[in-house]
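In case it helps, our numbering puts the sequence shown at residues 8 to 98.
Do not take every clue at face value.
Claimed, not checked - Pairwise CB distance ranges, derived in the manner of DEER restraints: (1) 88 to 41: 21 to 31 Å; (2) 25 to 74: 43 to 53 Å; (3) 98 to 45: 48 to 58 Å; (4) 9 to 87: 17 to 27 Å.
Unchecked claim - Below are the DSSO-like pairs computed for lysine-lysine, each with C-alpha atoms no more than 30 Å apart in a straight line: (5) 82 to 56; (6) 94 to 56; (7) 82 to 10; (8) 85 to 10; (9) 85 to 56; (10) 56 to 93; (11) 94 to 10; (12) 82 to 93; (13) 56 to 10; (14) 10 to 93.
No wet-lab data here; the hints were simulated from the structure.
We treat Cβ as the ideally placed atom computed from N, Cα and C, and that holds for glycine.
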Amino acid sequence: MTKNELAEQIARRNGLPASQARQLVETTIDSISDELAAGGEVSLAGFGKFSVSHRAARMGRNPSTGQTIHIAASKAAKFSAASALKKRLNP
């Protein structure tokens, strides 16, 4: 499902104009992104938790040349599904 398809489904289920539903989806994604960028986490009861995972700097290898390279430390978004969602996926 794409972002537009999600917005269309929200519009249909709630009797909203498609443009308003798209704006709500965008605002939700922006709010979650802003919280993660600030180092926080977002918990949605019954769905799951978005958090930030920290990856330490490490040494790697260029697969085409075999040369050792330095891979910088980074942050990544992480999602942990709630037990209610897991149960829904695995009845």
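Hints versus structure:
1. 88 to 41: 21 to 31 Å: holds, 22 Å
2. 25 to 74: 43 to 53 Å: At 51 Å between Cβs, range holds.
3. 98 to 45: 48 to 58 Å: violated, 37 Å
4. 9 to 87: 17 to 27 Å: 23 Å Cβ-Cβ, so the 17 to 27 Å window holds.
5. 82 to 56: holds, 16 Å
6. 94 to 56: Answer holds: residue 94 to residue 56 is near 16 Å, not above 30 Å.
7. 82 to 10: holds, 24 Å
8. 85 to 10: holds, 19 Å
9. 85 to 56: Holds: residue 85 and residue 56 sit about 8 Å apart, inside 30 Å.
10. 56 to 93: holds, 13 Å
11. 94 to 10: holds, 25 Å
12. 82 to 93: holds, 25 Å
13. 56 to 10: holds, 19 Å
14. 10 to 93: Holds, at roughly 22 Å.
Hint compliance for this structure: hint 3 is the single one not met.
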